[in-house]
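As given, the protein sequences belong to chains W and H, one line each in that order. Residues in the first sequence are numbered consecutively from 1, following our numbering. Residues in the second sequence are numbered consecutively from 1, following our numbering.
Check the hints yourself; a few may be wrong.
Derived Cβ-Cβ restraints for the label pairs, each shown as a range [as the list claims (entries may be wrong)]:
hint: 1; chain 1: W; residue 1: Gly236; chain 2: H; residue 2: Ile116; range: 25 to 31 Å
hint: 2; chain 1: H; residue 1: Pro238; chain 2: W; residue 2: Gly26; range: 30 to 36 Å
hint: 3; chain 1: W; residue 1: Ala20; chain 2: H; residue 2: Ile116; range: 36 to 42 Å
From chain H, some residues computed to sit far from chain W (all C-beta separations above 12 Å) [said to hold, decoys possible]:
hint: 4; residue: Val35
hint: 5; residue: Asn112
hint: 6; residue: Asp260
If you want a taste of the chain H side facing chain W, the calculated C-beta under 10 Å gives, among others [what the hints assert, rightly or not]:
hint: 7; residue: Leu2
hint: 8; residue: Ala6
hint: 9; residue: Arg155
hint: 10; residue: Ala157
hint: 11; residue: Gly194
Calculated directly from the structure, the hints in this document are not laboratory data. Remember, it's a predicted structure, so these values are computed and weren't measured experimentally. Cβ atoms here follow ideal geometry from the backbone N, Cα and C, with glycine treated the same way.
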Amino acid sequence: MYSEMSDEGGTRPEYARVAAWIDEIGVEALLARRAEAEALFRKVGITFAVYGEGGDPDRLIPFDIVPRVFSADEWDMIDRGSVQRAKALNAFLRDVYGPGEIFAAGIVPRDLVLENEAYLPAMQGVTPPGGVFSHITGVDLVRCGPDAFYVLEDNCRTPSGVSYVLENREVLSRMFPALFADGTVRPVDGYPEMLAQAMAEVAPADCDGQPNMAILTPGHFNSAYYEHSFLADQMGIDLVEGRDLFVRDGKLWQRTIHGAERVDVLYRRIDDDFLDPEAFRPDSMLGVPGIFDVYKRGGVTLVNAPGTGVADDKAVYVYVPEMIRFYLGEEPILPNVPTWRCSEADDCQYVLEHLAELVVKEVHGSGGYGMIIGPKSSAAEREAYAARIREHPAGFIAQPTLELSTAPTLSEAGLVERHVDLRPYVISGETTRLIPGGLTRVALREGSLVVNSSQGGGVKDTWVLAR
Amino acid sequence: MLSRVAESLFWMSRYVERAENVARLLDAGRRMMTVPTSAEARSAEWSSIVIAAGCSETFPDPLETATQRSVAQHLVFDPENPSSIRSSLHAARENARAVRQAITSDVWAAVNESWIDMRARSPASIVGGGFAQFLDWTKTQGQRFRGGIENTLLRDAGYNFIRLGQYVERLDATARLLDVKYHVLLPAHAQVGGVIDEGQWLQILRAANSARAYRHVYRAPVSPNRVVHFLVLSQLSPRSLRNSANMIVRHLDLLKAYTDRSEACHFKAYAMVARLDDMSVEDIFQFGLHEFLTERIQENNLLAMAIADAYGFGGREPAPVRTQEA
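The whole structure should be built from the sequences, with the hints applied where relevant.
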């Protein structure tokens, strides 16, 4: 198992600062400071929970105070690999909603895409400004060795969590300013500006002057509302709800105290289904009637475009390395995790025979639900799961159980090693770029591989060191 | 600024002010308990508080059986009463949460923490000496909220909507507080202008936090004319109808700088000030204090509706498109 902080030779150089800091402060004091950090998070109102009667509306995602560190060289690879991946996914979306060259070339089966639930036929023939579909792409990475990074999955719909990247740093730098004083740790607070610029770059062609931009939220009962409001605040743009918007004369407008103002670029944080009751789910109260028609005619830019989900589908995931070769003529910098597709008879046979060694997931699942981790399962659980696979093979994919890297994490018992992953957020406008950092999620239970916040995961500040 | 955001700021502010004013009404009731009177008149004191709070329809018992306990339950905790202190602090917090990005963390902390504290309180915690302490606490929440607004909020359109909400609500509350005197019975043997009558006027003044200010301004004993002057017409009193009307006009005028429009609400507000200008205390008593206050409350309601109409509250049909001001 790869420990990110140290090997047989001792502490790795990129962790020298963290190690010295822990030695200086001591675990006892760190535990005390952790409570202080939690109070800070609570004070600013960063919570993640289904807001409503019954549950605790003020639950926090646990923040682990020990940062996770990348050297400049490691980050260079992650940066280039993530950008490459986002470019290929956007090229794929342009292609499958356009000419379909990748089908013609026999690389991706046409039916796999066109019959995928996430494929949106209404988007066929639509090219968004700049050809960008996925303006914000979350690339979930795990690590198994010094240079062994794997892409676990892509997120092209509305990846969340970036507010934690910024707030984790804000809290840590407020409590321990000395750690950041000399500029060794690269700042992450450029994200809102980077996103605002990218959104301006993809404004509709007929927009004159500064584009008017907004974030569309389902409302304050949504579990990610804090993030929506945080980003709007940081970007200096309006946070709107469906009822603030209406369509007229082929454009999108917001109701203001001045009257109606045009909205040029809308970063929507609601799902495709709910976007427009006239085009999609008729019972949606969250969207804007007629917005999809305005979008297709180029009256407004939606970030991310509708229909991007087809690029991050688990059945499509296995083709991403091929997409990179096909569209970019490059070799993938960040490889996929080897994946068996149960839709293929040989693969399915292999999966059923090796269930005890594999992780099997539902193709359309997310959030760590509906999966089985072979080595941690009982014979009875495996048998029940095997029955589900035989029932509907195309609904499942399998991957080897990876030996995920661990990072030092603070517990009541002192520092312990816990598994981590990483989600960088790639931004695409006229160019494709990302901030030096991302969201590190940590599985707080000993031995656990599940880092999802809905399953008891926590977050860490992520440091990228300057060269 | 989005109409919905303006609307939420307006109501956030109205609800904080309402919680505080309901506390003042209850304080008036609590103080009247210290003035000797008959049993019949005592109960009428508490029912007058319910009437003045505009809660006679939601009050679950027959009004004439009202007691401190039942009135406090309804006006402090009752979730079925949209004007209870608990409901108001909750509504203020929900409005604030819906426009979290439009307020500062100081303002948010004030509203959020008020609600968190309120949620933890029980009827058992406000009996005996705990009652006055609770009412003080409630008033302190309003002070902290307004302190946050004054000290940290940008002076933009949102600020004006917050202040409008505050003064529309305060005008309503002061009118209702003064109207308590109309609903309170004098015991059969007591005379108008007698010790009990005077005591009741004094308690109303105290509930408006104005007894010492009154002494300072008039240097004379409590009289109905002077109390009405102070709480209705005086430009010195921060809680008078006149002062609230002045502030409403001021913030509506400031809003013109953002929207470049005069609306019906502007003219209604000017008319409200003009009406107060035209009247003396003698005119008010001649007209009938209760009738005069009822008319002001209605006028204020119509003004609030005109404000909602002018700035697109309630998701109404969009106003004609205008080019945005610089």
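Okay, the hints, checked on the actual structure:
1. For the pair Gly236 of chain W and Ile116 of chain H, the beta carbons lie near 29 Å from each other, so the given range of 25 to 31 Å is met.
2. In this structure the supplied range 30 to 36 Å is violated for Pro238 of chain H paired with Gly26 of chain W, their Cβ-Cβ distance being about 54 Å.
3. Checked against the given bound of 36 to 42 Å, the beta carbons of Ala20 of chain W and Ile116 of chain H, roughly 39 Å apart, stay inside it.
4. A cut-off of 12 Å between C-beta atoms confirms that Val35 of chain H is not in contact with chain W; the least separation is 43 Å.
5. Its beta-carbon lying about 7 Å from the closest one in chain W, Asn112 of chain H breaks the requirement of being farther than 12 Å from that chain.
6. Not every CB of chain W lies more than 12 Å from the CB of Asp260 of chain H, the least distance being 8 Å, so the non-interface label is violated.
7. A least Cβ separation of about 5 Å between Leu2 of chain H and chain W falls short of the 10 Å threshold, and the interface hint therefore holds.
8. Interface hint status for Ala6 of chain H: upheld, as the beta-carbon distance to the closest one in chain W is roughly 5 Å, under 10 Å.
9. The closest approach between the C-beta of Arg155 of chain H and any C-beta of chain W is roughly 15 Å, which is over the 10 Å cut-off, so the hint fails.
10. Annotation: Ala157 of chain H was flagged as interfacial toward chain W, and the flag holds, the nearest CB pair being 6 Å apart, inside 10 Å.
11. A hinted interface residue such as Gly194 of chain H counts as satisfied when its beta carbon comes closer than 10 Å to some beta carbon of chain W; here the least separation is about 52 Å, so the hint is violated.
Against the hints set out earlier in the document, violations occur for numbers 2, 5, 6, 9 and 11.
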